[in-house]
Amino acid sequence: MSLIVKKVAQLITGFIFLYGLYIIVHGHLTPGGGFAGGAIIAGAYILQILAFGKAPLLLVKKETGSSISESLAILLFLMMAVAGFFIGTKVFFNNFLPVGKIGELVSAGAIPIYNILIGIEVAAALLTIFLALIIYKEEIEE
Amino acid sequence: MELTLSILLGFMIIGALFALHAKDLLSAVIAAGIVGYSLVICFLLLKAPDLAIVQIVVETITLIIMVAVVLDSTREELNVKIDTQQIINMSLAFIFMLVLIFFFIQAIETLNPFGEHSLRMASAYVGETAAKTGSANLVTGVLFDFRGYDTLGEATILFTAAIGVLTILRIKGKK
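Going down the list, the protein sequences come from chains A and B. Residue numbering for the first sequence follows this note's numbering, beginning at 1 and increasing consecutively. Residue numbering for the second sequence follows this note's numbering, beginning at 1001 and increasing consecutively.
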């Protein structure tokens, strides 16, 4: 991409990422939550990939050796996705943490934790799908 | 508000029809985007900002992926000739449409007027969610507490989708 696109992407990606984090962390107070915030974070990564290519995320396939790091990156995303709902399942039914005062950032018991885990899971899953499209396209071209 | 919604819905129908019949696949994808972004405005008008945020982000990501796919493969639509098989399919679809419309008309008589839905289940949620879960955002309170299974199911669907994409797109097996 051209220099303008790269510079604008550089300037704006951090804000998009921060906005996604804000949506996730404030999920129990303001509109939004894990799903919306996770999708926004995945969008920040996708913007970065579109502007700079795969090189900054170390997903370039040089030789067979680097395919390990590529697989590891996908595996890490997937493991994060798995952990996202495995940790959530164990304590799914009761809000076991103290509820606290309505309207404060640390309140609502376990709901913020669920929000964060679902956010990680959604961001990882969307990014995995996007990366799969890029990486396997390269395999076809080889 | 009903007038605005009707205009938006008509706009969405036109966009969907154009997406079906466009010669250039890129313009078909853009026209499909009309449906998604109009849906965002519908959600905002119906006072569902949670859904609107999710819809606008997911719609953007989907459009990016679809545009990338179209630019990468072909922009020409395949020519499909009309044969007997297609005529049977179309008439079947038409019959199903009539049946659905019939049952819709039967069902719509017992519904409440637009915007005056009955709150048999929802009144309990609206009244007690904040006190029981401590969550100021009622939607999140319902999603992650009362309807925890639903959220688990959605997360599972997304996870399965990611695994499915990885499995289907892998041409060359790992050594």
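Please keep in mind that the hints were generated in silico from the structure rather than gathered at the bench. Among the clues, some could well be false.
[Claimed, not checked] Quick partial rundown of chain B residues pointing at chain A, CB under 10 Å, derived from the structure:
# : residue
1 : Leu1025
2 : Ala1028
3 : Ala1032
4 : Leu1051
5 : Ile1061
6 : Phe1159
7 : Ala1161
We put the CB at the ideal spot given by N, CA and C, even for glycine.
Checklist entry - Does the nearest C-beta of chain A fall within a distance shorter than 10 Å of the C-beta of Leu1051(B)? => result holds, 9 Å
Checklist entry - Does Phe1159(B) meet its interface restraint, that is, does its C-beta lie within less than 10 Å of any C-beta in chain A? => result With Cβ-Cβ at 5 Å, under 10 Å, it holds.
Item to check | Hint validity - Ala1032(B) Cβ closer than 10 Å to any chain A Cβ | outcome: violated, 18 Å
Item to check | Status of the Ala1161(B) interface restraint (C-beta, 10 Å, chain A) | outcome: holds, 7 Å
Next on the checklist: Is the interface hint satisfied for Leu1025(B)? The criterion is a beta-carbon contact with chain A at less than 10 Å.
Outcome noted: violated, 17 Å
Checklist entry - Going by Cβ atoms only, is Ile1061(B) closer than 10 Å to chain A? => result holds, 6 Å
Next on the checklist: Under 10 Å is the threshold here; is the Cβ of Ala1028(B) close enough to any Cβ of chain A for the hint to stand?
Outcome noted: Given a least distance of 19 Å, the restraint on Ala1028(B) is violated.
In the structure shown, a violation is registered for the earlier hints numbered 1, 2 and 3, in ascending order.
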